Amino acid sequence: MVISHEMANGVEMTDAFTTDVCIVGGCGRVGLPLGIALASRGLTVTLYDINATAVETVNSGTLPFDEEGAGPVLAEVVAAGRLRASTEPATVGSAENLVVVVGTPVDEHLNPDLGAVPRALERCAEHLRPGQLVVLRSTVYPGVTALTEKLLAGMGIGVDVAFCPERIAEGKAMTELFALPQIVSARTPQALARAEKLFRHLTDQIVPLEPEEAELAKLFTNTWRYIKFATANQFWMMANDFGLDFARIRHAITFDYPRAADLPMPGFAAGPCLFKDTMQLAAFNRNNFVLGHSAMLINEGLPLYLVSRLEDSYDLSSMTVGILGMAFKGGSDDPRESLAYKLRKILSLKARETLCTDPHVKDERFVPLDDVLAKADLLVIACPHQEYAKLETATPVVDMWGLTGQGVRV
1 MVISHEMANG VEMTDAFTTD VCIVGGCGRV GLPLGIALAS RGLTVTLYDI
51 NATAVETVNS GTLPFDEEGA GPVLAEVVAA GRLRASTEPA TVGSAENLVV
101 VVGTPVDEHL NPDLGAVPRA LERCAEHLRP GQLVVLRSTV YPGVTALTEK
151 LLAGMGIGVD VAFCPERIAE GKAMTELFAL PQIVSARTPQ ALARAEKLFR
201 HLTDQIVPLE PEEAELAKLF TNTWRYIKFA TANQFWMMAN DFGLDFARIR
251 HAITFDYPRA ADLPMPGFAA GPCLFKDTMQ LAAFNRNNFV LGHSAMLINE
301 GLPLYLVSRL EDSYDLSSMT VGILGMAFKG GSDDPRESLA YKLRKILSLK
351 ARETLCTDPH VKDERFVPLD DVLAKADLLV IACPHQEYAK LETATPVVDM
401 WGLTGQGVRV
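Per UniProt numbering, residue 1 is the first one in the sequence shown, and the count goes up by one each step.
Some hints could be false.
Ranges between beta-carbon positions, derived for each pair [what the hints assert, rightly or not]:
| id | residue 1 | residue 2 | range |
| --- | --- | --- | --- |
| 1 | Leu297 | Asp107 | 18 to 26 Å |
| 2 | Thr62 | Lys197 | 25 to 33 Å |
| 3 | Phe178 | Ser60 | 21 to 29 Å |
| 4 | Asp256 | Ser294 | 53 to 61 Å |
| 5 | Gly405 | Ala261 | 16 to 24 Å |
| 6 | Ser348 | Leu297 | 21 to 29 Å |
| 7 | Tyr257 | Asn59 | 26 to 34 Å |
Since the hints were made in silico from the structure, they are not lab data. In this text the structure is predicted, and so the values were computed from the model without any measurement. We put the beta carbon where it would ideally sit given N, CA and C, even for glycine.
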């Protein structure tokens with residue numbers, strides 16, 4: 001299925017495109033599920049990525065990472081010829097719709113990198129063609145869409161530009177891409193209509209916004225979740241300090257009481273999105289963001305608080321401590337920005353020995369779970385993988401997530 005268009009609003013459309021969609025950064029955890037989903041709806045999709053290993057893996061019909069429900073669909077669309085991956089920048093010129101999905105990190109000083117998206121486009125700029133729709137999918141600092149529009153206009157390329165942020169949770173992409181409403185935004189009616197047409201292949205629930213509204217909508221979304229996790233973590237610390245079990249208190253608060261139903265359990269709030277997007281929002285507001293900075297101090301300080309509580313009860317210097325789970329969230333194989341690594345660093349200074357294990361994350365420094373259970377004097381669940389829900393061990397287990405059902409008091 002290759003869509004063709006006529007000339008409108010001064011942007012020349014062409015029917016010479018041979019592919020419906022090209023995704024820049026297409027073999028990553030955001031781009032690949034989107035490509036699979038679009039291909040499953042009959043579109044032809046090319047994934048442009050500079051990671052040659054990931055490209056080869058995808059072209060073999062295999063996922064390069066865990067994503068529930070995506071594996072069989074990937075194998076199907078690759079076999080059908082509707083999806084392929086490439087390291088060649090020229091592939092971006094074959095597609096009518098170009099979707100840019102690249103990382104937008106903050107630096108070591110918590111400043112946003114405003115150039116991540118423009119740099120990605122500059123690498124393939126010579127292959128861009130008049131009539132393409134360029135969709136920014138990455139979470140960006142407010143104003144990056146306008147900056148991208150200016151960059152492309154300066155190149156003299158007649159393209160439409162839209163910003164359509166992803167809002168999926170890792171591990172749930174193949175459900176949420178079809179179930180969640182899609183925010184679409186653009187400066188012109190034509191670009192907005194084209195973006196809406198593209199995403200209607202996935203959902204009929206389209207929410208149109210201005211680009212700056214959409215940029216803030218995505219940042220507000222992630223920051224709100226980060227603040228909610230910080231609230232639960234602060235409550236947990238307060239309950240601990242009073243010698244009480246927050247799990248019992250939370251159950252009483254949320255039981256058949258819908259206005260408190262979204263109060264999370266405590267736990268490490270980390271990963272590649274929530275922290276950095278909260279810091280992007282803080283930078284946008286000239287670092288006048290008390291809620292965001294407070295949430296950061298609570299969430300990032302949780303590993304140190306946990307170790308401090310353990311020191312009140314145990315002589316860590318004489319103990320081997322086992323850390324169970326190193327991914328940033330349960331059921332994931334993604335260790336990016338996981339606070340389990342901060343916990344390991346702190347414990348390496350406090351404990352006699354620190355052992356790490358994870359059933360999903362591949363790391364040669366990790367040891368098998370059975371070895372950790374055999375050697376550790378104390379166990380800390382740092383990531384709530386379901387594999388740890390029914391541990392059979394006489395060793396004390398610290399479980400702030402409530403995974404084992406034994407309470408979360410430390």
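Subject >> Hints the structure fails to honour >> reply: 4 and 7
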